[in-house]
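Put the complex together from the two separate chains, hints included.
Quick mapping for you: the protein sequence lines, in order, are chains X and Y.
Counting from 1 along the first sequence, just add 17 to a position and that's the residue number in my numbering.
Counting from 1 along the second sequence, just add 21 to a position and that's the residue number in my numbering.
These are calculated hints, taken from the structure and not from any lab test.
The C-beta atom is built at its ideal place from N, Cα and C for all residues, glycine as well.
One should not assume that every hint holds.
[To be verified] In the BS3-like style, the derived pairs of lysine-lysine whose C-alpha atoms are separated by at most 30 Å in a straight line are:
1. LYS236(Y) to LYS105(X)
2. LYS236(Y) to LYS188(X)
3. LYS126(Y) to LYS188(X)
4. LYS188(X) to LYS128(Y)
5. LYS188(X) to LYS141(Y)
6. LYS137(Y) to LYS188(X)
7. LYS188(X) to LYS153(Y)
8. LYS188(X) to LYS140(Y)
9. LYS188(X) to LYS99(Y)
10. LYS188(X) to LYS132(Y)
[As the list claims (entries may be wrong)] Label-pair restraints from in silico Cβ distances:
11. GLY173(X) to GLY209(Y): 27 to 35 Å
12. ASN48(Y) to LEU263(X): 58 to 66 Å
13. ASP287(Y) to GLY173(X): 46 to 54 Å
Listed here are the chains, written in short residue letters.
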Amino acid sequence: MKFSRKNLGIPYFLFLILFVVLPLIVLFYYAFTNGQGQFTMGNLTGFFTDPNALGTLLYSFAIAAVTTGVCLLLAYPTAYFLATSTIKAKSVIVMIFVMPMWINFSLRITALKEILTLIEGNLSMYPFLNAVIGMTYDFLPFMILPIYTTISRLDGALREAAMDLGANERKTFLTVTLPLSVQGIISGISMVFLPAMTNYVVLDMLNNSTYIMGSLIGSYFAAYNWNGGSMIALILLGIICLFTLLTGSGDEESQRGGALL
Amino acid sequence: MESTNIIELKHVTRSFEDGFNAVTDFNLEVKRGEFVTFLGPSGCGKTTTLRMIAGFDLPTSGEILLNGRSITDLPPYKRPINTVFQRYALFPHMNIYDNIAYGLKQKKTPKDQIDKKVKKVLALVDLEGFEKRNISTLSGGQQQRIAIARALVNEPEILLLDEPLGALDLKMRQEMQYELKDMHKKLGITFIYVTHDQEEALTMSDKIVVMNEGKVQQIGTPEDIYNEPKNAFVADFIGESNIFSGIMTGKLKVRFGGGEYVCVDDVAQGTHITAVVRPEDIEITTPDKGIVTGTVTGVIFKGMHYEISVQVGRTEYMIQTVKNAVVGSRVGLRVEPDGIHIMVAEDHTNIFNAEINKNYRLEFNGTEIETSVTKIIKGSRRLEDGTLVDAHGDTIDLDRTRIQISIDPGDIEMTDEQDVGLVQGNISNLIYLGDRYSYVVQTDLEQDFIVYDEDLWNMGDRVSLVIPLEKMKFSYIRKK
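Extracted from the complex, chain Y is given alone in its bound form (with noise of 0.2 Å):
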């Protein structure tokens, strides 16, 4: 239902003029009422898309709806949204009455009214009678309630709180994470909250967005996030988890980290594939049991657990559980098919790392890619003596940019003449795709390509690949 959404981002991109994207295509509903979570590391453009909701900040294109009328452009005093501050930004000059009272006075309201309504949010955050102290004299928590009560005493539509815990110390921020979904539920305002801590986010969401370099990697519950990570950068932030890169062998049957194990999720065979294992769904068993067997490496005491380290062939795993284990000692793991979150690439792309040399040409593992570099960014140019500048006439930066070249599996040739390809490497994997074959080259740098040939090689094959010039796609990366 449209009615309910009380805030809507469609296609929301904000760009700086040195081309870093902070946010690219963001697309996110909100219902009223919900507690929404943007979670990622820093840098992933949680803050500015929160900036951009309050008004702080203008997307570069896309739109902002609330209540299905867009307020994209419209000033930060204009919108019925208030912010609590990473730092509180409490106006030191003014008494806590003062600080409170500070949105309502400029709606006009009458004395009385602030009287009251100050009083009540006060009261709300446990802080009554303390009308007439100084902000000065409050501790961080005391501050941070504070600065909610001066939010919260607008009645906003909707509440951001931009990572308002971080300041406090542990216990203080686990008490405050009750008090503010407490809250939440008290108040029934939407409340959109920034936080790069995983922990904090599960307990208190409805629903979580898990940002990564300025793109939405997934959207859901907490349970959702946990237990069904969409991709490999959501598994490994949300909790801990072995990740293996694999194979589909079969109906329900899936290869990867050293065995065949039996999963749940239902994917085509020869489907390429990374499995995620979070740490506590393996079990340790005798060898003779165990779907794979391994070497105890290591064995850390963590409190409730022991954090385990199995090495299995060239795969390490990592075991949480309550069971104690020798180190050297042989044992075998198994997992149960709902441990087990099949992911698939949504393509098999095979992307690699160009660097530009010193004569301006790109260069891959020692072979120049015969390409100018000015072709590839767009209005660039070189000067007489020599810099690269973009279409503004700033300086390219060349310690700082990264030339990214991807290339179609099918586009790949492999062959037996070593110093034909661009790169050399041994055949890992292969599955039978039904009218051609699928490889995977565990290539010499360590990176591993994708390739489709409709000849059979064998495991281990020593191939050199061959990589058109004219198939490859360049696209840069400058970092801030």
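In isolation and in its complexed conformation, chain X is listed as follows (with noise of 0.2 Å):
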């Protein structure tokens, strides 16, 4: 047999049906199954007539949104400053931001337990709070990096085209450069907002016993409900679907304006 360069794709082809496609496909089924193995929509009604479910997921989406909206606050101006600056020390600074990623994610959830133990005193009366806390810590980089490339990548001439045609500084921000890093801010929310919704890990650190997304799947599993906890991660990929596709269109307009540039 001829060697031919697609022969190169061959394995990540098996990775992909091992790990991608078979899953799913389990997944699907037992999404859609009951216990006995017939089919059943069952589970789907059963999420959305359980109101812990609903509950649970309600609480999530109110951690997620809490948790994006806090990193975009702080986010978009570090990022617009990091970019817009001068500085000699930029590419060290953004570093600085950058560096907890490269810690053990564990050592940084125990680190910040023990401050807000000190500050708080009960870790337990505040749990919404800490949760949001945690979260925003862990993810805040996710966010800043893609709005600092964003507006790094800005020409600034657009700017100065803006100030020469008699905008002051707020109005050249909210016409020119505020538009043109939605971009940015939109893959920094798809970077943040989904993986809150199902990082549980960080409420349990922080001794949060509320369920989310993430701890009520596991829950189900761990109850040997295959079958419900399937249909929970089904429906959560879903939302991550529905989430991409509406992103992904105003994603491609503004790729079309970059490349212009």
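This is the structure in structure tokens:
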């Protein structure tokens, strides 16, 4: 058999089949069957009629939304000033923001837990707040980086053009810089919002016993209810797909704009 | 008349923290409705000057006056000046209408007026009906027109154009040159145009400002600049030219390039001059009819003409003519008096470069000069580990630092004793100035020194030049 470059794709193809396609099929199978292996929509209707599950979904949503909002508020000004300033140590400062990502996750959260305990005394008094603080700490770099990259790629002449045409600094920001950095904001949000909905480890470590989506799925599997767990995982997958579809169109738009520069 | 000047730049200087001067003592007056071009090689400071007029950059010192009032520190959005950017800088997230209307919206112009003005300006740039189109659907030339329209719609007092045609292909560029010139005539707005393309500058401008190394070299009409270049840089940059150094030998008589010519510039006998001769002003004749004779060393056919190089003694002449010549043949060359442009060097100060050696001592021609580098570079000092730092504490990179030494011709002494002086050479030219002789000494370093001496030496004499340390003036240049 002659060797062709296509053969190089075989290992990845196998990987794809084994670890992506097959598990998905299994997931679908379990989601739409009951314990006896018969087809059922019961898991789906069960989720939406279970007040506990719906409450968890809402709670996860709330944590993710607040975390994303706080991250955005902290990250945008930081990224903006970093990208537009002329200081020499710029790359060093960006590095400092990114560096926590290189330190073991559980170590960071444990340290945070100690600090919060010192301040609050009893962590269980502010479970929601602690969860948001922990997740913001964990996800902030994922918000800063895409926004920083988008703004630094902006042609400086565009800002100058706006000022040249009579817009002051505030107007220039609102009409040129902000609209042109939307792409960075969207990728920042998608990198923070979805993980924040499922990352129960932060909650666990900060003594927050409320379930979020991640822990809910875990609890189903722990109770050997594979069918119900699979359905919730599938619902989450659906939400992610929906989100990507919604932001995808905007993404394409700004990429075309970016190519023009 | 003071009042007709729309913009004036007075002693404008822009220097950077590291001591690099992007623009030095720039003076310019522009009259209302003029088409002025800043011309120079890249890095000559022309764009920096334009940016200071627009307000994107502030002068370190000096003043910019608009209609007699200082706008030096005004932010760009408060100046009645608009810019066409080098790469257009159109807003990619807006359609053409919104791009053009951007400036008018900032001024809170009523919607119906904006509509009218946008329509009008689109007609002016020949893009009627393009309002709803997306920027990315336009060709380079069309984007260029939109950029011009976006600036013009605000009816600025001055339109700044920063190499606006640089990104276009040759044919597009020529077309746009005519269109811009047309627009300028039609609108009567003052244009300030930046380019490194001399042809573009000559075609379009009323007035050209030639710049080099941050300094104005010459300001004048295209004809002035082409026909009467003020110095060798301008002559060389604008069109092709033969540049010779020579000496005035009598009334309207000049010696350069191996021959004695009659010229029209009345310069005192004995003056050291630079002569510029355009290649099309040299005529090739038979050897007996020429002022100088030489051998043809090369012929290149250029379509409209031949480019012929002729070696006369040690000098090479470059000639453009419609007549062909044979390589290797002997020819005579002549130049009509009005084809020779004489430029008098303002002073004959000798300038030479010294190196900084490993011991942080100045070195010239292998001899150490007894002075310390820290004395020459103001505020500099040596750190303990030996590195040299400037007043701000930044390391001075010796590879990027040049020390220039200047010395007056009267301060140099000539001697027979070869190893006494700093540099040795042969006398290649001399002239009596009434009370002393002026000599040109061609040194072994291939650099000419001008020396005044009361004693008479002979042509070709081998001399050594003694340059006293206390008469040397030092300056240093840091390259970016």
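Do the hints match the structure? See the list:
| no. | hint | in the structure |
| --- | --- | --- |
| 1 | LYS236(Y) to LYS105(X) | 29 Å, holds |
| 2 | LYS236(Y) to LYS188(X) | 36 Å, violated |
| 3 | LYS126(Y) to LYS188(X) | 11 Å, holds |
| 4 | LYS188(X) to LYS128(Y) | 12 Å, holds |
| 5 | LYS188(X) to LYS141(Y) | 26 Å, holds |
| 6 | LYS137(Y) to LYS188(X) | 24 Å, holds |
| 7 | LYS188(X) to LYS153(Y) | 23 Å, holds |
| 8 | LYS188(X) to LYS140(Y) | 25 Å, holds |
| 9 | LYS188(X) to LYS99(Y) | 13 Å, holds |
| 10 | LYS188(X) to LYS132(Y) | 19 Å, holds |
| 11 | GLY173(X) to GLY209(Y): 27 to 35 Å | 32 Å, holds |
| 12 | ASN48(Y) to LEU263(X): 58 to 66 Å | 59 Å, holds |
| 13 | ASP287(Y) to GLY173(X): 46 to 54 Å | 53 Å, holds |
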